[in-house]
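Trainee: Protein chains in written order, with our numbering: chain A, 18 to 475; chain B, 18 to 475.
Simulated from the structure, these hints should not be mistaken for lab results. Misleading hints may appear alongside valid ones.
Identical copies look the same in the list; a pair holds intra-copy or inter-copy alike.
Below are the DSBU-like pairs computed for lysine-lysine, each with C-alpha atoms no more than 35 Å apart in a straight line [to be verified]:
hint, residue 1, residue 2
1, K420, K146
2, K216, K336
3, K151, K26
4, K428, K97
5, K97, K422
6, K146, K112
7, K422, K151
8, K422, K147
9, K277, K46
What follows is the residue order along each chain.
There are 2 protein chains.
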Amino acid sequence: MAENKIPYKIYLDESEIPTQWYNVRADMKNKPAPLLNPATLKPMTHADLAPVFCDELIDQELNDTDAYIDIPEEIQNFYKMYRPSPLVRAYFLEKALGTPAKIYYKFEGNNTSGSHKLNSAIAQAYYAKKQGLKGVTTETGAGQWGTALSMACSYFDLDCKVFMVKVSYEQKPFRREVMRTYGASVTPSPSTTTEIGKKILEAHPGTTGSLGCAISEAVEVATHTDGYRYVLGSVLNQVLLHQSVIGLEAKAALEKYNVKPDIIIGCAGGGSNLGGLISPFMGEKLRGENDYKFIAVEPASCPSFTRGKFAYDFCDTGKVCPLAKMYTLGSNFIPSANHAGGLRYHGMSPILSQLYHDGLMEARSVEQTAVFEAATQFARVEGILPAPESSHAIRVAIDEALKCKETGEEKTIVFGLTGTGYFDMVAYEKFNDGVMSDYIPTDEELEQSFAGLPKVDL
Amino acid sequence: MAENKIPYKIYLDESEIPTQWYNVRADMKNKPAPLLNPATLKPMTHADLAPVFCDELIDQELNDTDAYIDIPEEIQNFYKMYRPSPLVRAYFLEKALGTPAKIYYKFEGNNTSGSHKLNSAIAQAYYAKKQGLKGVTTETGAGQWGTALSMACSYFDLDCKVFMVKVSYEQKPFRREVMRTYGASVTPSPSTTTEIGKKILEAHPGTTGSLGCAISEAVEVATHTDGYRYVLGSVLNQVLLHQSVIGLEAKAALEKYNVKPDIIIGCAGGGSNLGGLISPFMGEKLRGENDYKFIAVEPASCPSFTRGKFAYDFCDTGKVCPLAKMYTLGSNFIPSANHAGGLRYHGMSPILSQLYHDGLMEARSVEQTAVFEAATQFARVEGILPAPESSHAIRVAIDEALKCKETGEEKTIVFGLTGTGYFDMVAYEKFNDGVMSDYIPTDEELEQSFAGLPKVDL
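Chain A on its own, in the form it takes in the complex:
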């Protein structure tokens, strides 16, 4: 089909929603390093993980050989509620930039959780229900994951306990109300409801919280409450597996119009959206079938890829979770309080970490005022007010498109628009008032944080 026939929004048919997730680990020569038991420093077994995670999710976590895993019918049904998501040709943005580049974005924000997080939330809730559990616990940073999980748990009639990073809890009271509307309970973290929360509060009375703290609290409650398990919205292999629906749909939509992307861009906090978006394309690259340039975009205030170490680290502040080998800033790292939105996790998906380490993808860090400039420009021309997280990808997509304008190259750029910013208006207000600031951690601060890395010799 001629390229000028490409519509503004490419919707797949409902029958084209993927029926299998793609597991990129199957095609990786260098597999991501295994999770380690913090006590023995040996790889975590299924039995080690069983008190924390649901059984079938552990299978998925440890499975690095099967390339495709069936999506259960109940999850496929739920996906029909909000999927397929549109792949949008950014004609308006291209015109505003005057670029010869062709820009597409996969938009995951057209659901009430406001982001891609629902893709994994419904899967994790399903397996929890199937196992006969009463409920699950989790943490949430910007609130997108907590909202998604609340929706998923409500659907399967599961109890849902959310620990929300305190700074987000305070900046986003309305996020809490959405979660409550879906029947979840929401506690600001660190809290006095857990032993670990109390300890953290004693050591750092003024802390605004971090994902690392909230994870520790959620895991403590899950492992101390009968019929509960802990679920996580990013970082883990299982989450990237579920999020592969994003990339599978995007690839199918592009192939309908014979479009092959040159550059694929995604924001990266824990890596779930980026990993999901690039997985099937990365598979082709790993199998030598096609080449693509992948760019992970992270905040300059929380630069795990670009300034972190590739090392085993604790996944949480309380050090109750397994150790993961990943790009990390150290589990004590907390982004400065002026950092808006999510993407504030100290570590990074072990899958993406390995791929980055092996030179299969690039990473870039951007400052938040530049991110909000891109967000505002995008909102005005494309008519979608983006989440701060997603706007990191927009920033670099615009930068790459402007490079094409200079060189005259007609590159095809695809980026992940993970969600909407309707609950981020405090950050937009700061930007609109001209009082948003940037902060980049100093080398000394990072060194101090790296000093807390565990000593692991394998």
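Following the hints, complete the assembly by docking chain B onto the known chain A.
Mentor: Frame of chain A, contents of chain B only:
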């Protein structure tokens, strides 16, 4: 096609976005009564309206003969940003209710303005730009119209001054930030920036504002500022004309699957969404081609159809606007402060008023706690957190579906889901906390308000 093949979401192709609006007045035997000049009590001419409205919009306002009016290409292009909107088969809701009824909803919330209002905003901004104006003024209640107009003005590089009903301004600070992100200025109404605002504040110092006040202020600024005109998000004939895209798309989507609705339901404040949704179906009814049952749903706290008078009334509190013949509670009517969300206008679209008066449609009023019960139920099973306004339609759609459950009838119900409730979490919080209350105006209160109706003998 067999009915069980109907997908969850019916998307038209981009090429199926309507290229003409449908003007239901052309098929009405009893035309809506003309707007009257408040000084002469004679029908407003084009010249009378020119200081207030854009020229081409006046043509549309006065045109009750042409059944179809071309949508300019620039507006068609903008529509591609967020249209066609999905017609959703509410399989999840049907299952939860256990009803044999088949429920569909036309969802207009998948755009950053969060509602259908963008359909008319972009048209009005286009004609203002075409006329070479510098900017427009308007009022907004719940904030959806103001947001939509901000987006539209940003697209055409027009200045946008929004007067926002004070109670909404205070309940929804984030709405203001979205409008500012799109470059609009937002003033809480009544304000001291206009003569009329000052007068109203003197007479009612503690007022939380009303659409009627905000309209007066916006009109004053438009008529006193060079290169500005006033635009309105509902009530007017031109707005219903633009909103006919909703009904045209819904009808085309249903016809693809040979579905004929029995009942069509919409919430009604000023009538723009309901009028737009039902227009092409009403056309068939007026021409004797098909019959449908139409139900307008309004808040019991602001019951223009069900308890109002069909009479000429002022459109605004300051009495600067033309008189319209409509169902009205009197221009001094202000809903009680506990009323959440929009649907708070004292009057109703003259087109819908005439149709209702002629027995061509029904109306029902519902109390807000029952509305939020329906909203929460809907959010949990359909995965969309609805706007309070839209939830009025959900309430009656559920009621009708439950009647079918009793009788065993397999009726087909279509309702308008006009928008999302992401900026209405203060109201949801009240409901979640169990402190939301209902208020129904007493007959005495209404009589007092009716006493302010102008005496017009024609």
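Trainee: Hint by hint, note whether the structure agrees.
Mentor: Taking the hints in turn, this is what the structure says about them:
{"no.": "1", "hint": "K420 - K146", "result": "between (49 Å within a copy, 33 Å between copies)"}
{"no.": "2", "hint": "K216 - K336", "result": "within (12 Å within a copy, 64 Å between copies)"}
{"no.": "3", "hint": "K151 - K26", "result": "between (40 Å within a copy, 32 Å between copies)"}
{"no.": "4", "hint": "K428 - K97", "result": "both (33 Å within a copy, 23 Å between copies)"}
{"no.": "5", "hint": "K97 - K422", "result": "between (39 Å within a copy, 25 Å between copies)"}
{"no.": "6", "hint": "K146 - K112", "result": "between (48 Å within a copy, 19 Å between copies)"}
{"no.": "7", "hint": "K422 - K151", "result": "between (55 Å within a copy, 31 Å between copies)"}
{"no.": "8", "hint": "K422 - K147", "result": "between (52 Å within a copy, 30 Å between copies)"}
{"no.": "9", "hint": "K277 - K46", "result": "within (24 Å within a copy, 56 Å between copies)"}
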